[in-house]
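Enquirer: Let chain A serve as the given structure and place chains B, C, D and E with the ligands on it in line with the hints.
Residues per chain are reported as follows:
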Amino acid sequence: AAPKKEFKLAWTIYVGWMPWQYAAETGIVKKWADKYGIKIDVVQVNDYVESINQYTAGGFDALTVTNMDALSTPAVGGVDTTALIVGDFSNGNDAVILKNKGKLADIKGQKVNLVEFSVSHYLLARALSSVGMKEKDVKVVNTSDADMAGAWKTKDVTSVVTWNPIVEEVMIDKAARKVFDSSQIPGEIIDLTVANTETLKDNPDFGKALAGIWYETLALVVSQSPEGKAAREAMGKASGTDLAGFEAQLAATKLFDQPAAASAFTKGAEIGATMDKVRRFLFEHKLLGNDAKSVDVVGIELADGKVLGDKKNVKFRFTDTYMSAAAAGKL
Amino acid sequence: MRMINRHPPKGLVLLLALLPFFLVFLTYVTASAIRLADNPADKLLPALSSIADAIDRMAFTVNARTDDILMLVDTLASLERLAISLAISITLAIVAGLAIGLLPYPRALFSTFVDTFSMVPPLAVLPILFITVGLGEAAKITLITIGITPPLIRDVAMRTADIPRQQLVKAQTLGASTWTLTLRVVLPQVLPRLIDSLRLQIGPAWLFLIAAEAIAAEAGLGYRIFLVRRYLAMDVILPYVAWITLLAFMMDFGLRILQRRAFPWFADARASA
Amino acid sequence: MRMINRHPPKGLVLLLALLPFFLVFLTYVTASAIRLADNPADKLLPALSSIADAIDRMAFTVNARTDDILMLVDTLASLERLAISLAISITLAIVAGLAIGLLPYPRALFSTFVDTFSMVPPLAVLPILFITVGLGEAAKITLITIGITPPLIRDVAMRTADIPRQQLVKAQTLGASTWTLTLRVVLPQVLPRLIDSLRLQIGPAWLFLIAAEAIAAEAGLGYRIFLVRRYLAMDVILPYVAWITLLAFMMDFGLRILQRRAFPWFADARASA
Amino acid sequence: MSLIEVCNVWKEYGDTVVLEQLNLSIEQRAFVALVGPSGCGKTTFLKMLLSEELPSRGVIKLAGEDLSAEPTADRGVVFQKYSVFPHLTVLGNVMVGAELQSQSSAGKLFGRMFGDERQTALGQAHELIAAVGLSKAEDKYPAQLSGGMQQRLALAQALMARPKVLLLDEPFGALDPGIRADIHVLMRKLWNDRTLTIVMVTHDLSEAFRLATRVIAFDRRRNEPSDGGRYGATITRDLEIWPKREPTALDAFKSGRDDPQPLSDELRDDPAKTGMGP
Amino acid sequence: MSLIEVCNVWKEYGDTVVLEQLNLSIEQRAFVALVGPSGCGKTTFLKMLLSEELPSRGVIKLAGEDLSAEPTADRGVVFQKYSVFPHLTVLGNVMVGAELQSQSSAGKLFGRMFGDERQTALGQAHELIAAVGLSKAEDKYPAQLSGGMQQRLALAQALMARPKVLLLDEPFGALDPGIRADIHVLMRKLWNDRTLTIVMVTHDLSEAFRLATRVIAFDRRRNEPSDGGRYGATITRDLEIWPKREPTALDAFKSGRDDPQPLSDELRDDPAKTGMGP
Ligand SMILES: Nc1ncnc2c1ncn2[C@@H]1O[C@H](COP(=O)(O)OP(=O)(O)OP(=O)(O)O)[C@@H](O)[C@H]1O
Ligand SMILES: Nc1ncnc2c1ncn2[C@@H]1O[C@H](COP(=O)(O)OP(=O)(O)OP(=O)(O)O)[C@@H](O)[C@H]1O
Ligand SMILES: [Mg+2]
Ligand SMILES: [Mg+2]
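Protein chains in written order, with this note's numbering: chain A, 2 to 332; chain B, 16 to 288; chain C, 16 to 288; chain D, 184 to 461; chain E, 184 to 461.
So that you can see chain A by itself, here it is in the shape it has in the complex (with noise of 0.2 Å):
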């Protein structure tokens, strides 16, 4: 691909994302695109797995996903990804419920709603390894997150396994009990800014800007002063909530607001192990193409050059130059 001038980045609404919407509407990704003698489009796509499957098809240069998902999709659709934002790690923000029930081991033989495949899935399938049952152990429904929430109100709901702002809306019910989150595998379901491996080898710019906006804006998200403040309300309101809601939110995130921190968590040895897992479930369930004949088909490579799988077919890479320039105000 020859260098280009022009990119869109397609984001959902999740906290962890929010900061892209906030960085557009005040003039962040301008900045940045500017001095870089760019142009990106920051476009907002209200149905998750929709914004995948744009990006796969080719319609966006970058997009934010988590590690589960950018390996299911796009990587093993072909399409070479590369994860250049470590951007946090749900610490909290993805959990399993039970209605009156207070053991996670309670939930056998339940029937459970989640999103099939996505990473309430995954988190389902570690919750019950913790406990030493398997999937066969309870039964899967799979319900759109856009109703979870009314779902739950339902007599036929008695577990389920979402994430924020969902779960905090489940919880307000005093029958739910949170018997299982995401801060019990930390470091696990990782929420990623990813690009397009050829597009970002052909202009490096668009990543550099990426990093750039990224970091001046969690810089406010983060800040306690007035306007981080206005930052974290209008960020609260664009997803739907309030300030306490999304902070409430934020409390449950491991945002890596110092692109150091996040350059080290890329280059650490347990990103290894948890791609690992990850792609083991994919396995299983065979989302790593029908005729897989094992898990090492796709190629993971790590930041410290070192691949999972397939080292012919790396269609999954990690790296740390983006944040380490940041890091290093290289930007």
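Don't read these hints as lab results, they were simulated from the structure.
By construction, the Cβ of each residue, glycine as well, lies at the ideal position given by its N, Cα and C atoms.
You may find that some hints are simply not true.
Beta-carbon label-pair distances, calculated as ranges [as the list claims (entries may be wrong)]:
{"id": "1", "chain 1": "E", "residue 1": "318", "chain 2": "C", "residue 2": "151", "range": "55 to 61 Å"}
{"id": "2", "chain 1": "C", "residue 1": "103", "chain 2": "E", "residue 2": "321", "range": "26 to 32 Å"}
{"id": "3", "chain 1": "C", "residue 1": "273", "chain 2": "B", "residue 2": "21", "range": "32 to 38 Å"}
{"id": "4", "chain 1": "B", "residue 1": "22", "chain 2": "A", "residue 2": "199", "range": "52 to 58 Å"}
{"id": "5", "chain 1": "C", "residue 1": "180", "chain 2": "B", "residue 2": "54", "range": "54 to 60 Å"}
{"id": "6", "chain 1": "C", "residue 1": "273", "chain 2": "E", "residue 2": "299", "range": "32 to 38 Å"}
{"id": "7", "chain 1": "C", "residue 1": "95", "chain 2": "A", "residue 2": "281", "range": "46 to 52 Å"}
{"id": "8", "chain 1": "A", "residue 1": "311", "chain 2": "B", "residue 2": "24", "range": "42 to 48 Å"}
{"id": "9", "chain 1": "C", "residue 1": "273", "chain 2": "B", "residue 2": "268", "range": "34 to 40 Å"}
{"id": "10", "chain 1": "C", "residue 1": "211", "chain 2": "D", "residue 2": "376", "range": "48 to 54 Å"}
{"id": "11", "chain 1": "E", "residue 1": "318", "chain 2": "C", "residue 2": "273", "range": "31 to 37 Å"}
{"id": "12", "chain 1": "B", "residue 1": "151", "chain 2": "A", "residue 2": "278", "range": "32 to 38 Å"}
{"id": "13", "chain 1": "B", "residue 1": "22", "chain 2": "C", "residue 2": "277", "range": "23 to 29 Å"}
{"id": "14", "chain 1": "C", "residue 1": "211", "chain 2": "B", "residue 2": "22", "range": "28 to 34 Å"}
Distance condition first, Cα-Cα at most 16 Å in a straight line; then the derived EDC-like pairs of lysine to aspartate or glutamate [to be verified]:
{"id": "15", "chain 1": "A", "residue 1": "313", "chain 2": "A", "residue 2": "297"}
{"id": "16", "chain 1": "A", "residue 1": "238", "chain 2": "C", "residue 2": "82"}
{"id": "17", "chain 1": "A", "residue 1": "100", "chain 2": "A", "residue 2": "169"}
{"id": "18", "chain 1": "A", "residue 1": "175", "chain 2": "C", "residue 2": "57"}
{"id": "19", "chain 1": "A", "residue 1": "137", "chain 2": "B", "residue 2": "68"}
{"id": "20", "chain 1": "D", "residue 1": "244", "chain 2": "D", "residue 2": "257"}
{"id": "21", "chain 1": "A", "residue 1": "238", "chain 2": "C", "residue 2": "83"}
{"id": "22", "chain 1": "A", "residue 1": "278", "chain 2": "A", "residue 2": "302"}
{"id": "23", "chain 1": "A", "residue 1": "287", "chain 2": "B", "residue 2": "68"}
{"id": "24", "chain 1": "D", "residue 1": "323", "chain 2": "B", "residue 2": "283"}
{"id": "25", "chain 1": "E", "residue 1": "264", "chain 2": "C", "residue 2": "177"}
{"id": "26", "chain 1": "E", "residue 1": "323", "chain 2": "C", "residue 2": "283"}
{"id": "27", "chain 1": "A", "residue 1": "137", "chain 2": "B", "residue 2": "82"}
Expert: What follows is chains B, C, D and E with the ligands alone, placed relative to chain A:
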């Protein structure tokens, strides 16, 4: 010669009818080939062979994990939901439609209400639907029913009101009560027209079925489509869409046949009206 | 006296028409009170006062952040999408419908294709649609258009074919070409009937609009409903649904008026047919 | 005592007076033809006789009693159109005239007859169908019949219910002249053979004079456009036909055509059977 | 030379022969009435004259030339129903007969006329509308007219296009007898005043003999049901009316009614105007 008088020769008619399908097919194959040349793992427009594989996997291979044929299970689940909701809708439409079309009191009571109700977008009030009927089969059936019953009622009421006043007077002069008049004069004339309305609602019924199955389900054609959409498995989605289209087409065809067989008088009567 | 002959007195008619609405209202208020007594924070059936607050917030307060009134912005965005898609659909329906209904060659080419195409559930092919036309306004407009155009085309084609053969022959004996015949004889007779078909498609058009806005939009009535649905904010959803219903009702009403005003001959001609 | 008594009847729609001050008595077995310009209220008058409309003032009595407030089986009717049921065969259309009246539980619940009751009715139906010359078409649906055949069917259907009075609103208005002549013969025959009192509205004067025992004309006496509907029509002429027609005088009656054809199963208006010569 | 020549024409639908071996020539200014039993192929014959159907064998010539393969403006037509356009007023319906033929660019592009062209046509239209007695109804739509007025309008519309031949398929079949008589007078007047050749199908023999200069009867010569449609109808009679009717002989013509009324703007079939006395 004027275009209006220029008729294609017999042999050409079938060919012409097939031409647009062929062009769509060709466009697909070409576009797919182009994308696949660029990225062999592309999922958006899979090659025909991948689609064939997917069909084989979904429709002709017993699924190891669940021990059944997925497409069969999905089809049966969806058709059952459709059948139940259509049965309920038809019953409601006949009862309410006849009452509104025929009897002044029910008409005064319900006609504005039904007209208004038919404008409410059902998808927007799903949460209320959930607390009323739960999340199970009942919710799906209710959604489809709510979606298609109001237009059916309106149609039946309109068709009932269309029956010439003279026939109702005539029946009364023959000694009919409101009940026997409904049973012997009005209902038999409304039924074949109900089939017309029903044919128009087949499309919406499928639409609501898919929407309902997208919300919460464990099987069904719409469920599968939305599930595999998560990882852009167009090789599954496309055959499912084709299959749904075929099913809808067959239902339409079946209704047309039913109308002809069950109401032999109707075609002539309509033509001479 | 037979039920069929028993008419409500004039004064009662309006009262009877309002009764079901009042009952629904009463049911809501009661159910809401019961739920709120149980859990004052319940969001599913908010009290009327909460709804009034939400209406005030959404419809009468300038949003500080964006400096506009949310409900107004949403309404304008949605209506614009609807208007554009309706304009496109009507144009397509007239062109394709007249061609299929009137001219043997286009009929042979397209009628089966349109029939088949109208059975494809548009919601199921959303991914393809979005990828073909992108996620912008075009996608939403295309979804609505794809959803309502095929039935419109079928209807126009049917209405065109219904024009008595004698009229077409007559026009030819008066010297009409295919084009002037279409313009002066067929089109003016099809237009008022197109309004009838259009009225039937208003419901589906809203449905597709909401579905499209649920996937990608930054404003719009359907967008807002889906956005706040995650938080189960029924105090916003309910007024929005009522507003959509009212808008749809007004569109229906407007079309009826238009039909009467623009085609003064139509009511009589239909009654005497 | 007259069969029908119309005493000082007015009919108004809002401010418009359609009919004013009608006084009329009709004897048993009369064949009354009602003529008058279009819009003068003939149909309105017939509707009042049917109880489909109520008089604004005045009363109508049938056999000495006030008319019931809604249509009943003592008054049969044939309209110009829509008199037969399109979803029933010829036999079904005639049978329904008995079935809807049946007081058996099957009749009340389903509007159908079973067993002996049905057999008796079937016999009568076959007879009536034969009388109107439709025996060969018993299994056909109305849409398969010509206009004339449909009107004959409507007559048979109305007669099946054994009404005291038969009301006809331009029953033959849409028929071709030749076919009309045939049906006139039939009309007279039916009137002759059964104890029937007939009130028939027609636009066609010659039809009125050819068939009826009495011709009544409605018209507005004052007809200034400036009246704006403040005055209605009323009876302007009332002629007894001379020589007086009696029910038994059938043989003396000649159809209006030069070569009246005998009434047979094969009337001219059967689309399948028609033959003609100049 | 005759205006219309029908040479050995056959018409078959699949295996069914509808018409066989027709030979006929019709002179300029003839008024031909076509009679025959229902289903014998009268309408089919008219359709061939219109080029709506093509003969299976044989040729039809108009003014010495083979008929064009589709309907054209040299042959006008009035059907029993659906002859006028419901969405146009009386004036619009007549004007359209000129507008659709206009060779100006507005005419070809929009089927409309402007300026002088329009004024000339308007004059002719008013004249024709007056000729058929509809002047007072110029702004009404067909649904507001009675059946008789609609057929008169259809005549005016057809004449506006100045056809060489006027083809009528049971044009008055659905009208009441009194109204029919009036329109017969009009028909003869139009035929008399304009250079018209008329071919009219009718079911009504008296109408045929009253109006036409020549009556042609179609019938099947062999009529065994066992033939199963292997034989079609053909011309069985061809009568010149005697005394010979000439276009100028109008004064000698009397309508079929006892009191022929003068043709005026206010014909009997105007629903708004009707007045009658016995
Ligand atoms: N429901 C109604 N409301 C107001 N006016 C009515 C109503 N029904 C009839 N009329 C008026 O009453 C008058 C008489 O109508 P009616 O149909 O009885 O006339 P008619 O003599 O049967 O005419 P025709 O010979 O055309 O059948 C007409 O002017 C008509 O407009
Ligand atoms: N398109 C067609 N295909 C097959 N048969 C046809 C077709 N059109 C007409 N016929 C047959 O041709 C015969 C003549 O029909 P046509 O309508 O010409 O009769 P007609 O003399 O005008 O009858 P009527 O007096 O009832 O109008 C009929 O038997 C009819 O069934
Ligand atoms: Mg009348
Ligand atoms: Mg004919």
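Enquirer: Confirm or reject each hint.
Expert: Do the hints match the structure? See the list:
1. 318(E) with 151(C): 55 to 61 Å: Cβ of residue 318(E) to Cβ of residue 151(C): about 60 Å, so the range 55 to 61 Å holds.
2. 103(C) with 321(E): 26 to 32 Å: Since the Cβ atoms of residue 103(C) and residue 321(E) sit about 39 Å apart, the hinted range of 26 to 32 Å is violated.
3. 273(C) with 21(B): 32 to 38 Å: holds, 35 Å
4. 22(B) with 199(A): 52 to 58 Å: Since the Cβ atoms of residue 22(B) and residue 199(A) sit about 55 Å apart, the hinted range of 52 to 58 Å holds.
5. 180(C) with 54(B): 54 to 60 Å: Between residue 180(C) and residue 54(B), where Cβ atoms are some 55 Å apart, the hint holds.
6. 273(C) with 299(E): 32 to 38 Å: Once the Cβ atoms are compared, 35 Å apart, the range 32 to 38 Å for residue 299(E) and residue 273(C) holds.
7. 95(C) with 281(A): 46 to 52 Å: holds, 48 Å
8. 311(A) with 24(B): 42 to 48 Å: violated, 58 Å
9. 273(C) with 268(B): 34 to 40 Å: Holds: the Cβ-Cβ distance is about 35 Å, inside 34 to 40 Å.
10. 211(C) with 376(D): 48 to 54 Å: holds, 50 Å
11. 318(E) with 273(C): 31 to 37 Å: holds, 32 Å
12. 151(B) with 278(A): 32 to 38 Å: holds, 33 Å
13. 22(B) with 277(C): 23 to 29 Å: violated, 34 Å
14. 211(C) with 22(B): 28 to 34 Å: holds, 30 Å
15. 313(A) with 297(A): Cα-Cα ~11 Å, so holds.
16. 238(A) with 82(C): holds, 14 Å
17. 100(A) with 169(A): OK: residue 100(A) and residue 169(A) at ~14 Å, within 16 Å.
18. 175(A) with 57(C): Distance ~11 Å between residue 175(A) and residue 57(C) Cα, so the pair holds.
19. 137(A) with 68(B): Not satisfied, since the Cα-Cα distance of roughly 27 Å exceeds 16 Å.
20. 244(D) with 257(D): holds, 12 Å
21. 238(A) with 83(C): holds, 14 Å
22. 278(A) with 302(A): holds, 15 Å
23. 287(A) with 68(B): holds, 15 Å
24. 323(D) with 283(B): holds, 11 Å
25. 264(E) with 177(C): It holds: about 14 Å lies between the C-alpha atoms, which stays within 16 Å.
26. 323(E) with 283(C): Status holds; Cα separation ~11 Å.
27. 137(A) with 82(B): Measuring from Cα to Cα gives roughly 14 Å; hence the hint holds.
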